[in-house]
Every structure is written in C-alpha cells, then in structure tokens.
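Join the two chains into one complex using the hints; note that each chain is given alone, in its own frame.
Chains as they are written, first to last, in our numbering: chain X, 1 to 266; chain D, 1 to 359.
Hints were generated in silico from the structure; no laboratory data involved.
Hints may contain errors.
Computed from the model, here is a short list of chain D residues facing chain X with C-beta under 8 Å [unchecked claim]:
{"hint": "1", "residue": "Glu44"}
{"hint": "2", "residue": "Ala47"}
{"hint": "3", "residue": "Pro69"}
{"hint": "4", "residue": "Val74"}
{"hint": "5", "residue": "Tyr78"}
{"hint": "6", "residue": "Phe82"}
{"hint": "7", "residue": "Phe84"}
{"hint": "8", "residue": "Tyr95"}
{"hint": "9", "residue": "Gly96"}
C-beta: ideal position from N, C-alpha, C; glycine also.
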Amino acid sequence: MTPGSRLGPRVLSVIAALAGSFLLLFLAAPLVELVGTSGGEGLRRLGSDAELRDSLLLTALCATTATLVGVICGTPLSYLLARREFPGRALLAAVLDLPLLIPHPVAGIALLLLLGRESAVGGAALELGLRIVGTPLGIIAAMLFVSAPLFVSGAREAFAKVDPRYEGVARTLGDSPWRAFYRVTLPLARRGLLASSVVMWARAVSEFGAIVILTYNPKVASILSYDRFTSYGLTEALPVAAALALLALLPLSILRALRTESRSER
Amino acid sequence: MIRLDGISAKKGRFTLADVSFALDQGSFGVVIGPAGSGKTTLLEVVAGLLIPRAGTLLLDGVDARRLAPESRGVGLVYQHAFLFPHLSVRENVAYGAADAATLEEAAGRMGVTSLFARDVRGLSGGERQLVALARALARRPRLLLLDEPFSALDPRRRAIIRREVRAMHREWGLTTLQVTHDFAEAGMLGDQAILLDGGRVLQSGTPAEVFRRPASPYVAEFLGAENVLGGIARDLGEAAPDWIDSASGTFAQGHRAFAFETERLTLYAVGDFAAGAGHAVIRAEEITVARDHSHDSARNRFAGRVIEVTTLGALTRVTIDVRGTPLVAALTTRSASELGIAPGLAVVATFKAMAVHLC
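The following block holds chain D by itself, in its conformation from the complex (with noise of 0.2 Å):
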C-alpha cells in the first residue's frame, strides 16, 4: 500500500505541493496529467529518488523516509528507459533480477528474451521500453512504478503488453503505480485516477468517477470533454420521477435537480451541486442526435443545425449551433451515415439530466 500525505518536492525549478492520496495493496493507480505536471517527480518521491521537503510516505505502513531506494522494493521504468548502454540486453535484464526463473518468465513475458545478445545501442525505442519493463519486473518488485512505459510501442504490441502488465500485477499481486497522459488508457488499467497538475492532485478516485464527475471545468477540458458550459445553476428541490436515471432506477442520496441557465440555454442537471456559478459539462457520447422530436425520457432537447462533421474511424463528432451555443455530440459513422449527417442539417440534440454534470 502507498500511502501520501501532504507531500511536497523539489526538483529544480519544479515543485510538487502538497499531493495526498492512498493506493490500496494490488491495486492499479493511474497518474494522469499534462506534460509538466510532476507525474514524473511523483515518482521519484515514491521511489526513494528524489527526498520530499515535507508531508509523510508510507510504504506498506513503513515511514518511506527511513527507507532507501535500494530496500523500497519498487521497480521503476522510465519513459525512455534508460537501459544502461554499456551492458547487453540479458546484462540489462539480469541487472536487479530476484532468480534465474523470475529474469526468464520477465523477459519471456515481454518478449525481449530474443533480444538477449543484442546491444542496447542499436535497440529500437519500443524494444528499450520492453527491455526496462522486463528490467524492473525481474526483480520482482512489491510496487511498480511505470513512466509512461508503453508510450514507444506500436498500437498493436502496445495493446498486449498492457494486457501482460496487467496479467502480471494481478497474478504477483503488485502494487503499480503508472503515470500516463493518456485517459482512455487509464480508464483501460487503473482501479485509481489521480489526476496531477501543477503539481498538485486536482483530483482522484476511480477512473470512471473521474471522467464522468471532473472536479472543475479544467478537469473536465483534460480529459476530453467536448461541452463545458458557464452559467448558474438553480435549486428545482426534489427531482421529478422521471429525471431518474433509468440504468440504476434510484436517485443517489443527497442529489438535486437543477436547472443551469447559460447565456442562451436552460439545461436540467441532477447532482449534489450547490446552487450557483458554476459549469455544466456533458460529455459528447451522451448526447444523442435525432431528425426529430423522438419521444424518449431525455430531460434536455435542443433543436439546432449542424455546423461541422468530423469523421475519425468509426466515430463521427457533429457539432450542432444551438441558439448560437455549439454542442458535440459523438454518434457512431454508421448511424451518422443513416442520419445523413451533413452541414446545414436541422436536428434535435437530447441528453439526460443524469448526462449533465455540475462543477
């Protein structure tokens, strides 16, 4: 278990402040944030490389600070690896490693055992990244801690490698601590969000939560989400049996129904909100586009005109000018394709109040 508490560093011009948050033992936490954030001095903290100016780090339940990095027990891959260029590849591997069985089921789970004989120099930048991900685990570490570790592997290698870091967390029982800037990856591997600026935790808990409750409307911009609108946001009381969210049937304690009045719109929100200034955020795939006033339990239905389409893949981002407001909405290119989605379409744009978020 890693346990943080009002820690602060420095490192350079760099300051960490005041970053809390608790990782329970085997489970997968996820360092998100931009680049700059401190998600690398973070973990230099845990690692032991890099001494905190104040707070506590608990590894375990030891106090870290009398523990050097060498008896922390963590394996730590950095983005570009840093393999140490005057060993092979097995040298590499073997570097930390815990037995002969652990460095062969490491580098065999990583795929670098065909790299054994080679050079570092001449290895490619995804092959280095396998080779210090097999590096770290060979030593069979209790936490690992992984810098951007897949950022250098093909999509394809880089989908069954996260699926094995997975695997082998799961089945070693390690704690992992990864930092990434990517979301959608930790929504993939993380039971824990922490999401890092500044140097400081803007927020955290599960992905999910994260992603779809953002503490603040930079939050809510970081990852992605396309409809950030101000406004104020007024007490409705109680919420009316229909604002309820269909999936769970039920109305979580201590949600209201709001309704948040931007320049333009009126949108209906539930949550546990207070009433006033404030941002709705709505994310772009609850948002459903229709030819017409389609009869379903949607509290917020906006006609408007398609202004632009954007086709990436499969997905299809519209965005609609509702009474000057834009809205996003992300509809499958297949059902954009039956819609005739196209510039200059008039079409009605409805999401839940459950969609709406206030921060």
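Bound-form chain X, shown alone (with noise of 0.2 Å):
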C-alpha cells in the first residue's frame, strides 16, 4: 500500500469525526449554556416562584397521567404488532405513527376539532361535567397523541426481542395465553416497556406545540417558559426554561440507569 492510498482513509475518518463532533457540540451547547447560566437560578426559583412549581408539578402529573394511559392501552397494541399477523397490520403500524410526522400545532388542532365543545366528543364529555379544552385533560390528551406512538413503537420493539417460543414453553407447562404473558412475557419484556415509557413521559413533558392549541390555561412548564419570554423577555424565561431542562435529565438518568442494569445483565 503506498502512503497515497493510505492518506484517503484518514482524511476520511478526521472527516467523520469533525462532523460528529460539530452535531454534538451543536446539541450539547445551547443546553449546557442554558443550564450552566440559570440551572442555579431555576432552583432556587423553585422556593420562591409558585407559578413555575404550580407548572412544574402539572407537567409532571399530567405526563405521568399521560403515560400511565399510553402505557395500559398501548401494552396490548404493541404486544398485538410485535406477535400476530393480520390483515391491515402495516397499515395500523403507520397510522399510530402519524402523530410522530404531523407538526404539533397540527395536532392541536385536529384535537380540538374531536375534543372542543363544538364537537360530538367534547359535547358529549360536556354533558357529563367533563370539560376537555382548557383544562388539565386538554393537557392529558394532548400530551398522550404526541407521545403515545413513542411508547407503542419501543414497546413493539420489546416484546419482538422476546422469542415466542419462550411463551410456547410456558404454555406446555401449563400456563393459559394471559398467564405466560404475565410470567415469562412481560419479565422479559420489563426493561424495553420501561425505557419506552420513560421516552413517553419525557416527549410529554416537552410538549408545547399541541398543548397550546387545547390547553393555554393552566400552564404546563414549556407554555410558561414561553409564555414569560413573550411578556417579560429572555432573563424572566431563563430560569424556567433551566427548571423544564433540569426536570428533562429525569428521565435520561433513568434511561442510562436501566440501560447500564441491562449491560450488567447479560
């Protein structure tokens, strides 16, 4: 090999690995000066400002809702994705997926137009004392369309990772399907439901664009971020933007942590 043809691959890999690095930086930065500037701030904040609390703590429990509904309905979903073949099954996997491709303002809209008064859902739950559009269920609902189909999907991905015949054994040993599902499936499947889960909430947590549209009042944590940079400008937003920051590294350390249990597992 002559130094000629030797100086190609290199050229490429210091290529590569300045590409790589510009995109991290690019990532990395906005977030580590947001943090580094007013995470100090946004803490304290925490003791003295009720309003960013008051939101923090609904985005917090209407995520957790969210999720906790994404997850009872979306385990069934994907588990019938992940196992069965039928009819329309491409077809049901991409109209879970549209949710993921439609700008979230987009989604808000069409939420409205399903869950608002004028509606026959909205009149209905009216009717019941249950009012959707602009209250926390707004909230709930916009945060489940957004971020449900991220649960759906990792929670495919988990249950196809485990070998059917696991299940096909259990039933030779006398489970019903609902019982080696129980036993073996979901043990197996634990790790991947939970990370997905955690993806679920975190994509809730942020969620601005489709909340807006249902949901202005009471304000989430990203609508009061916006909200104080619209009325008072950046160095009021800064420390509520650092909070809502601070509380997305919630869910990325349980995600290293399970991914580190998994690594130690096998």
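Put into structure tokens, the structure is as follows:
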C-alpha cells in the first residue's frame, strides 16, 4: 500500500470525526449554556416562584397520567403488532406513527376538532360534566396524542425481542396465554417497556405545540417558559427554561440506569 | 397415542405438507431429517403451538384442535432450551412441576439438583439442555417432545442422559417423539423412525427397516448408505435356494430374485421391487473384503483394487475400484490391518443378494 492510498481513509476519518463533533456540540452547547447560566437560578426560583412550582408539578402530573394511559392502552396494541400477523397490520402501524410525523400545532387543531365543545365527543363529555379543552384533561389528551406512538413503537420492539418460543414453552408447562404473558413475556420485555414509558413521559413533558392549542391555561412548564419570554423577555424566561431542562434530565438518568443494568446482566 | 393424518401447517415461509404417521401409546418415535426439514415445526404442531391448516391430529384419540397447548399434557424441550432467564434454575424446573416429588425426581435423574441455586444465564449449553429436560419431565407429561435435546452434551454425558431419558420413558409410560439428525441416535432410542425432508414424510417404520430398506436413493444417501448405484433390475423369478438369507432360512413372501445391471456391473438382489429402472443400495458394512476368492455363500463377488483407505478409530473405510465403479466397504481396523489393506492392493469384494436393497 502506498502512503497516498493510506491518506484517503485517514482524511475520511478526520472529516467524520469533525462532523460528529459538530453535531454533538450543536446539540449539547445550548442546553449546557442554559443550565450553566440559569440552572442555579431556576432551582432557587422553585422556592419563591409559586407559578413555576405549580407549573412543573402540573407538567409532571399530566405527563405521568398520559404515560399511564399510554402504557395501559398501548401495551396490548404493541404486543398485537409484535406477535400477530393480520391483514392491515402495516396500515395500523403507519396510523400509529402519524402523530409523530405531523406538526404538533396541527395535532392540537385536530384534537380541538375532536374534543372541542362543538364536537360530538367534546359535547358528550361536557354533558357528563367533563370539560376537556382549557383544562388539565386537554393537556393530558395533547400529551397522549404526541407521545403514545413512541411508547407503542418501543414496546413493540421490546416484545418482538422476546422469542415467542419462551411463551410456547410456558404454555406446554401449563400456562394459559394470559398467564404465560404475565409470567414470562412481561418480565422479559420489562426493561424495554420501562424505557419506552420513560421516553413517552419525557416527550410528554417537553410538548408545547399541541398543548398551546388545547389548553393554554393552566400553564405547563413549556407554555410558562414561552409566556414569560413573550411577556417579560429572555431574563424571566431563562430560569423556567432551565428548570424544565433539569426536569428533562430525570428520564435521561433513568434511561441510563436501565441501560447499565441491562448491560451488567448480559 | 399420537396420530397425524394429512397434517399441513405453515410457519413463515416454511410449509409442512400432508404429514401422516401414528405413534403408539408408550412408544418412542424419532423424527430424522436434515436442517430445515420441518422437524421442529412438526413438534410445535403436536404441542399445539402451531395450528395446522389442514389434516387431523389425534392425541390419545381426542381431536387435538379442541385442546390448548396447556391441556395437551405435553412436555417440550427445544434444542436451545429456552430457559426463562429471569428465573433461577430451581424456579425453571419448578415452573410447571406436577408436585414436589416429581420435581426432585426429574431434577435428580437429569443431574441438575446441584445447579438449583445458579442463574440460568451462567449455565453452559449442555447444562441448559439438562435443565430444560428436567423442567419438561417435572410436569410429568403424557407426551414428551424433544428437539435435539442432547446436542450440546459431551459424549459421556450424552450416553448417560440418553439412557436415563429412555428409562424414564419406559417407567413413566411416556409417549416420546424426538427430533434428531443423527440416525445412530434414532437407532439407539427409537421404536419408530420418521424421515422428514422439505416438510414431507419420506418414509416411516422401525429404525432397522428404514435403515435397511430406504424408500428412495435420497433416503439411502441421507441415512449414510455409501453405495447407491443406478441401473435396471431384471426379474429372475423365484430365487434359487442358495440365495436365501442364511440367518432367517426363509424367503420373505412376495420377494423375488433380480439381476440389477448398472453401466459396468451386474449385481444380484432379492426383494419385492418392480422390475425396471431403479437404484441398488448396499451398506458399506455388508461388503466383505478378502485378498482372494474365498468360498462363501455371497452371491455378489467382484475383483477390484483398493483406491482409498480411511481409518476412523475402530473402523476403516475402504474404497475399491471395481471396473470403474467405486464400492465402499467398512472393515474393523484390526481386519484391515491383518489383510494389509493399502491403496493399490488387489482384493475381492463380496456381499449377499439379501444385502442389496432395490428402490
């Protein structure tokens, strides 16, 4: 091999490293800057700023509720998609991915059409005394809409990774399908399901576009941050934004812990 | 008892087509076939994990379509064990155990009691198979389905466990269906051999029958028959007395004598073959090799020259060129040494008409 022929791969390696570093810096720098300059102030404000505190609590509660609904309803659906061959499976999977592809304000408008007081569903809910738009229910609906597909997709992958022959063996050992699912499949897919629900929760926490259409007030943290920015400028928005960024670090830490546990068990 | 009648099933792109055979209560059936022949799929159909598209499956006389896998009384052991990784060895064996005594017996006889506290992820391949066997046996099934269950065991352990499984099969009156690609194992274990390829049953019968009388040249070659020659069989009518198998002293009903002509050789055979084009199968161990024309009763006698000698422990395979046709004979290594077998040596290969199977 001539020195010239070795140069090509080296140059390519350097270009690849530079391109990767650029993207890494571009993604990390704004968040590091935000938390670095205003993280302390954001944490201090939690003690003094009741609106920020309430907003973060509302965000966490709504995201948790949306995640619970997503997990309860999404688990059977993802199992079905992972395990069964049936006509229209690809179409169903595509429909489930749709909310990830459309702009979130558009999702908000679509939800408003479905759940607004003029709609059949919204009207029926109102008659039962349930107002969705402009309440935490609207926030939960928006969060569920934009983040549930992430859970379904992750959970489907988690179930697909569990060889169906484990269930088969459990069936021959006396388990009904439900019992085999509960005793074998669920424990084996547990980490993937947990990771998917954490991702769903994180996505729900960070949602803005759909919520702003459905429920501006009471304000979740993303809307409060936007509201402070438009009403009082950057200085007032920064602590809220930093607190929200710190909240987002929570699922990241859980995910990392899950991955470490998974690796150590292999 | 298991009875399959025209069973067809599809798993992914693989199709099991028109599979029929029956296995008596308490008997040991062995399904033999190359990789991808449908052996595992067949076990999954019997276990109820795969629903057949057509055909009838009867388990102890009951239409199995009405029975869920958990109600079939089957124990299934996959080649790769599929132990539950979130459970300990003891929890795996106890998973579907009939009772504590059966659990202890199954674990003890498979030699896994000492592994009870271990994490299954730390087990070797052989240990996994033993735990999987114990887990299936601890349920005390009526029907045991085994998919290459000894493949990861070392030869010594394999012989012990094979014996133990056979003993439990007898003592518990288990009907057993085992999958293997090893015909020697089938011969050692099975009351019945079912030869499967491409999702179809090629032949079934006792292992000796399938081994001695393969239904086609493909089956013969799959079962390791070294000499499969194409040619034309000519009916000679009633066989002469000196053709009769000296062991049985009789001539099987319907059997006739044939002259089988290959391109260069004429062999003599006895069987119930229809005259015409076909194949002659002669197993290597049926061919005797001598240095001169010794006088024995064998009808087929060919002079030739040794072209290859392969020693495999106690056995030596000798390839003899007979007028351009290679014939493979199996001798004990001691005999080969006493005869001074070596490439180039002129020898005489002989075999009985009864040793030639036409198909």
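Checked hints:
| no. | hint | in the structure |
| --- | --- | --- |
| 1 | Glu44 | 7 Å, holds |
| 2 | Ala47 | 5 Å, holds |
| 3 | Pro69 | 4 Å, holds |
| 4 | Val74 | 5 Å, holds |
| 5 | Tyr78 | 6 Å, holds |
| 6 | Phe82 | 5 Å, holds |
| 7 | Phe84 | 6 Å, holds |
| 8 | Tyr95 | 5 Å, holds |
| 9 | Gly96 | 3 Å, holds |
The structure agrees with every numbered hint stated previously.
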